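Chemist: Residue numbers (this note's numbering), protein chains in the order written: chain W, 1 to 85; chain C, 1 to 85; chain V, 1 to 146; chain L, 1 to 146.
Hints may be right or wrong, so weigh each one.
[Stated by the list, open to error] A short, non-exhaustive set of chain L residues, derived as facing chain W with CB atoms under 8 Å:
| no. | residue |
| --- | --- |
| 1 | GLY80 |
| 2 | ALA116 |
| 3 | PHE124 |
| 4 | ASN126 |
| 5 | THR128 |
| 6 | VAL132 |
| 7 | ALA134 |
[As the list claims (entries may be wrong)] The calculated label-pair distances, taken between Cβ atoms and stated as ranges, are:
| no. | chain 1 | residue 1 | chain 2 | residue 2 | range |
| --- | --- | --- | --- | --- | --- |
| 8 | C | ALA33 | L | ALA19 | 50 to 60 Å |
| 9 | V | ALA50 | C | PRO25 | 37 to 47 Å |
| 10 | V | ALA19 | W | ARG54 | 38 to 48 Å |
Hints are computed from structural coordinates only; laboratory data are not their basis.
Treat the numbers as computed from the prediction; the structure is a model and nothing was measured.
Just so you know, even glycine gets a beta-carbon here, dropped at the ideal spot from N, CA and C.
The lines below spell out each chain.
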Amino acid sequence: MAIDILYFAWVRERIGLDGESVTPPDDVVDVAALIDWLATSSDAHATALADRARIRAAVDQRFATPDTSIVGAREVALFPPVTGG
Amino acid sequence: MAIDILYFAWVRERIGLDGESVTPPDDVVDVAALIDWLATSSDAHATALADRARIRAAVDQRFATPDTSIVGAREVALFPPVTGG
Amino acid sequence: MISVRVQTEAFDPGVELAALEELGGGGVASFTGIVRGDGDLVELLLEHHAAMTGAAMETIAAEAAGRWPLLGLTLIHRVGALTPGERIVFVGTAARHRGAALEACAFLIDWLKTAAPFWKRERFANGTSRWVEARAEDAEAAARWR
Amino acid sequence: MISVRVQTEAFDPGVELAALEELGGGGVASFTGIVRGDGDLVELLLEHHAAMTGAAMETIAAEAAGRWPLLGLTLIHRVGALTPGERIVFVGTAARHRGAALEACAFLIDWLKTAAPFWKRERFANGTSRWVEARAEDAEAAARWR
Numbered sequence: 001m002a003i004d005i006l007y008f009a010w011v012r013e014r015i016g017l018d019g020e021s022v023t024p025p026d027d028v029v030d031v032a033a034l035i036d037w038l039a040t041s042s043d044a045h046a047t048a049l050a051d052r053a054r055i056r057a058a059v060d061q062r063f064a065t066p067d068t069s070i071v072g073a074r075e076v077a078l079f080p081p082v083t084g085g
Numbered sequence: 001m002a003i004d005i006l007y008f009a010w011v012r013e014r015i016g017l018d019g020e021s022v023t024p025p026d027d028v029v030d031v032a033a034l035i036d037w038l039a040t041s042s043d044a045h046a047t048a049l050a051d052r053a054r055i056r057a058a059v060d061q062r063f064a065t066p067d068t069s070i071v072g073a074r075e076v077a078l079f080p081p082v083t084g085g
Numbered sequence: 001m002i003s004v005r006v007q008t009e010a011f012d013p014g015v016e017l018a019a020l021e022e023l024g025g026g027g028v029a030s031f032t033g034i035v036r037g038d039g040d041l042v043e044l045l046l047e048h049h050a051a052m053t054g055a056a057m058e059t060i061a062a063e064a065a066g067r068w069p070l071l072g073l074t075l076i077h078r079v080g081a082l083t084p085g086e087r088i089v090f091v092g093t094a095a096r097h098r099g100a101a102l103e104a105c106a107f108l109i110d111w112l113k114t115a116a117p118f119w120k121r122e123r124f125a126n127g128t129s130r131w132v133e134a135r136a137e138d139a140e141a142a143a144r145w146r
Numbered sequence: 001m002i003s004v005r006v007q008t009e010a011f012d013p014g015v016e017l018a019a020l021e022e023l024g025g026g027g028v029a030s031f032t033g034i035v036r037g038d039g040d041l042v043e044l045l046l047e048h049h050a051a052m053t054g055a056a057m058e059t060i061a062a063e064a065a066g067r068w069p070l071l072g073l074t075l076i077h078r079v080g081a082l083t084p085g086e087r088i089v090f091v092g093t094a095a096r097h098r099g100a101a102l103e104a105c106a107f108l109i110d111w112l113k114t115a116a117p118f119w120k121r122e123r124f125a126n127g128t129s130r131w132v133e134a135r136a137e138d139a140e141a142a143a144r145w146r
């Protein structure tokens with residue numbers, strides 16, 4: 001199933017995309033696996049996502065952890081730790 | 001030596017005075033002794049000052065405790081616990 | 001900037017905050033105390049030891065300025081007759097970072113409640129009135145900063 | 001009254017406080033975050049996950065409303081390009097007593113810093129720019145409420 005991937009802040013800048021629609025293989029079932037898989041898409045993806053400790057995610061607009069399931073998700077956002085306030 | 005005594009809130013109302021100038025005997029050297037001595041001045045003083053636990057004091061405009069010295073003080077204020085803010 | 005005021009007149013929190021925002025810090029915190037109209041209260045009378053109040057508030061302000069890296073603080077306390085909905089007290093603090101501003105603000109209002117010579121008398125619609133009793137919680141709130 | 005807003009426009013803390021003061025409580029607390037002009041900063045750019053931000057802020061607001069007996073709370077976060085001295089964020093709380101207002105206010109700004117999808121980019125006078133790094137202190141400040 002296609003998932004909308006959104007990128008924010010320096011993740012967005014390094015990848016060079018606001019987002020993209022992807023269809024990961026069936027064994028990509030959680031956030032960590034999705035990031036690993038996206039990192040293989042291009043050099044830019046690999047670089048942007050290299051430092052896994054500094055990548056955060058939201059699945060269907062709720063903050064997620066690496067083990068959060070993406071099965072059935074419509075949207076996954078990837079970004080650095082938030083800095084609002 | 002004469003000392004200006006000031007009364008506030010219900011201490012003032014019960015005594016019926018904003019303040020008075022008094023000259024306590026030489027053995028009245030601290031706040032606790034001053035209150036004991038003032039309580040002998042009149043029935044109103046005795047009533048107003050009866051509940052020692054609810055009487056607070058300031059000596060020369062600084063908050064004081066029962067054992068604070070009044071030797072050389074120009075002003076002693078007596079009042080209930082403060083309720084500002 | 002330390003500004004300490006005791007006044008009968010009303011004040012405008014927006015104006016006070018704007019002055020604190022001018023100081024170049026990243027955070028401004030405030031607390032405004034308002035007369036509640038509980039139990040048919042019609043008037044709150046604020047009495048104070050006029051000769052002592054300013055100095056007591058300056059002492060409290062200096063204590064906060066010594067504990068936290070503040071760029072500014074404002075303390076305003078009204079005296080006289082107030083009606084429900086009126087502002088009684090304002091505490092405002094400015095600092096580079098929010099922690100100092102927020103903590104100093106909480107400290108200042110806790111201490112104003114217990115270390116400044118004000119007394120409140122409530123007057124009710126039925127003609128009765130009473131002096132507000134000091135609350136043990138206020139003493140405890142102030143004590144946590146010791 | 002819970003009011004949560006994400007906006008490019010400026011806001012007026014005085015107006016926000018006045019609305020909170022109308023709710024009949026005895027205490028109104030606020031925190032206003034301001035863009036500091038450190039290191040020749042000329043612009044702060046606030047990016048956010050627009051579809052998610054409102055819901056994330058509502059979640060934070062609901063958490064505060066569940067923890068403290070609040071009469072009202074206001075959360076405003078600006079997005080887009082801001083210059084030094086401009087207000088970024090406002091948190092305001094109203095409660096019967098000061099403790100709830102002050103604690104909820106501190107909680108809300110701590111959580112806004114760590115649980116809402118905003119990112120800041122700083123642009124400096126010499127043409128360089130950089131994304132603000134999340135601070136460990138902010139995560140710790142938020143964690144103390146867990």
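Chemist: Work down the list of hints and note, for each, if the structure agrees.
Modeler: Results of checking the hints against the structure:
Below 8 Å, beta-carbon pairs count as interface contacts, and GLY80(L) has none with chain W, the closest being about 13 Å; its hint is therefore violated. With a cut of 8 Å, the hint placing ALA116(L) at the interface with chain W holds, because the nearest CB-to-CB distance is about 5 Å. Among the interface hints, the one on PHE124(L) is violated; its C-beta lies about 16 Å from the nearest C-beta in chain W, farther than the 8 Å criterion. A distance limit of 8 Å between C-beta atoms decides the matter here; for ASN126(L) the minimum to chain W is near 19 Å, and the interface restraint is violated.
Annotation: THR128(L) was flagged as interfacial toward chain W, and the flag is violated, the nearest CB pair being 14 Å apart, outside 8 Å. The interface hint given for VAL132(L) is met, as the beta carbon of that residue sits about 4 Å from the closest beta carbon of chain W, less than 8 Å. Given hint, ALA134(L) at the interface with chain W, holds; its Cβ is 3 Å from that chain's nearest Cβ, closer than 8 Å. Between ALA33(C) and ALA19(L) the beta carbon distance is about 54 Å. The supplied range of 50 to 60 Å therefore holds.
For ALA50(V) paired with PRO25(C), a C-beta distance near 30 Å fails the hint of 37 to 47 Å. Checked against the given bound of 38 to 48 Å, the beta carbons of ALA19(V) and ARG54(W), roughly 39 Å apart, stay inside it.
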